[in-house]
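Asker: Anchor point for the sequence shown: position 115 equals 115 in this note's numbering, and the numbering is continuous, going up by one each time.
Keep in mind the hints are simulated off the structure, nothing from the lab. Idealized CB from N, CA, C, for every residue including glycine. Be a bit skeptical, because a hint or two may be false.
[As the list claims (entries may be wrong)] Calculated pairs, DSSO-like style, for lysine-lysine (alpha carbon to alpha carbon, straight line, at most 27 Å):
1) K159 / K198
2) K243 / K258
3) K60 / K258
4) K211 / K197
5) K198 / K258
6) K258 / K194
7) K127 / K80
8) K159 / K197
9) K224 / K127
[Stated by the list, open to error] Label pairs and their calculated CB-CB ranges:
10) P185 / S154: 40 to 46 Å
11) K181 / Y70: 44 to 50 Å
12) D9 / Y70: 22 to 28 Å
13) A251 / E81: 25 to 31 Å
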Amino acid sequence: MAWNNILVDFDEQIAIVSINRPAALNALDSETLSELGAAMTELAENQAVKAIILTGAGNKAFVAGADIAYMQPLTALQGKEFGEQGQRVFSQIENLPKPVIAAVNGFALGGGCELTMACDIRIASEKAKFGQPEVGLGITPGFGGTQRLARLVSPGMAKEILFTGDMYGAQDALRIGLVNKVVPPEELMDVCKKMAKKIASNGPVAVRFTKEALNQGRNMDLEKAISIEADLFGMCFSTADQKEGMSAFLAKRKAEFKGE
Numbered sequence: 001m002a003w004n005n006i007l008v009d010f011d012e013q014i015a016i017v018s019i020n021r022p023a024a025l026n027a028l029d030s031e032t033l034s035e036l037g038a039a040m041t042e043l044a045e046n047q048a049v050k051a052i053i054l055t056g057a058g059n060k061a062f063v064a065g066a067d068i069a070y071m072q073p074l075t076a077l078q079g080k081e082f083g084e085q086g087q088r089v090f091s092q093i094e095n096l097p098k099p100v101i102a103a104v105n106g107f108a109l110g111g112g113c114e115l116t117m118a119c120d121i122r123i124a125s126e127k128a129k130f131g132q133p134e135v136g137l138g139i140t141p142g143f144g145g146t147q148r149l150a151r152l153v154s155p156g157m158a159k160e161i162l163f164t165g166d167m168y169g170a171q172d173a174l175r176i177g178l179v180n181k182v183v184p185p186e187e188l189m190d191v192c193k194k195m196a197k198k199i200a201s202n203g204p205v206a207v208r209f210t211k212e213a214l215n216q217g218r219n220m221d222l223e224k225a226i227s228i229e230a231d232l233f234g235m236c237f238s239t240a241d242q243k244e245g246m247s248a249f250l251a252k253r254k255a256e257f258k259g260e
């Protein structure tokens with residue numbers, strides 16, 4: 001499908017989704033969010049795709065935020081609807097049955113920072129900048145930032161980021177646990193592709209169930225969470241992937257998973 005504001009490319013079993021509004025530093029408006037959600041739906045259903053990399057076009061921004069020119073005239077009801085749209089798309093990414101790696105190549109501010117937090121893994125260029133500057137615009141974060149940030153970093157650190165609106169460099173983001181690793185800009189996509197291909201080489205059903213167990217269990221008490229884990233662990237033994245993976249291990253050969 002042709003998109004106006006995003007690009008979708010493929011590298012073997014990896015899909016690379018780029019927010020493509022470089023003139024607006026890849027800022028998010030309603031159309032871009034709709035396209036992103038539709039693309040993620042297609043990729044979730046594409047059996048050839050085992051992992052997804054999400055990035056921003058150009059070298060200045062991952063996503064500089066929600067589009068302020070788009071938001072400025074919104075009414076209270078329209079603002080709520082826009083926030084809910086962003087929340088739906090980001091929750092879709094968070095719960096996608098395939099891993100999503102954010103390749104953060106520049107500014108990831110406001111909605112851009114929130115978008116990285118909806119991804120499973122965040123790898124940052126040394127030039128990446130993170131922040132939630134919404135309070136300086138007279139608004140709160142609206143795409144899940146008040147909730148996901150405190151689940152990734154300490155509550156006190158989340159409050160500092162949210163209340164000050166300050167911008168943080170890649171090394172600070174690494175220090176507080178907001179990103180997994182920091183790499184030179186010219187190595188960013190290669191590092192992300194290498195990780196994505198490593199994930200794609202594993203059993204697709206197992207990866208999907210592992211993500212499901214983690215996402216469902218993290219907001220439950222431990223007893224309920226490990227019960228979910230046990231259910232999904234047991235379900236693995238009904239799959240062809242489990243038979244293939246263990247047979248390959250015992251035969252000392254490479255497993256040929258089919259996602260079944």
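Asker: Please go over all the hints and tell whether each is borne out by the structure.
Answerer: Against the structure, the hints come out as follows:
The straight-line distance between the Cα atoms of K159 and K198 is roughly 35 Å, outside the 27 Å bound, and the hint therefore fails. A threshold of 27 Å between alpha carbons decides the hint, and for K243 with K258 the separation of about 11 Å falls inside it, so the pair holds. With a C-alpha separation of about 38 Å, the suggested pair K60 and K258 falls outside the 27 Å cut-off, and the hint is violated. For the suggested pair K211 and K197, the alpha carbons sit about 17 Å apart, so the restraint of at most 27 Å is met.
Taking the CA atoms of K198 and K258, the gap is about 16 Å. The hint holds against a cut of 27 Å. Between K258 and K194, the direct Cα distance comes to roughly 20 Å. Compliance with the 27 Å bound is thereby established for this hinted pair. Between K127 and K80 the CA atoms are separated by roughly 32 Å; this puts the pair beyond 27 Å, and the hint is violated. Of the pairs offered as hints, the one joining K159 and K197 is violated, with about 36 Å between alpha carbons and a cut-off of 27 Å exceeded.
The suggested pairing of K224 with K127 is violated, with an alpha-carbon distance near 41 Å, which exceeds 27 Å. For P185 and S154, the hinted distance range of 40 to 46 Å is not satisfied, since their beta carbons lie about 28 Å from each other. With their beta carbons about 33 Å apart, K181 and Y70 fall outside the hinted range of 44 to 50 Å. Judged by the Cβ atoms, the range 22 to 28 Å given for D9 and Y70 holds: they are separated by roughly 26 Å.
At about 56 Å, the CB distance of A251 to E81 disagrees with the hint of 25 to 31 Å.
When each numbered hint is compared with the structure, violations occur for hints 1, 3, 7, 8, 9, 10, 11, 13.
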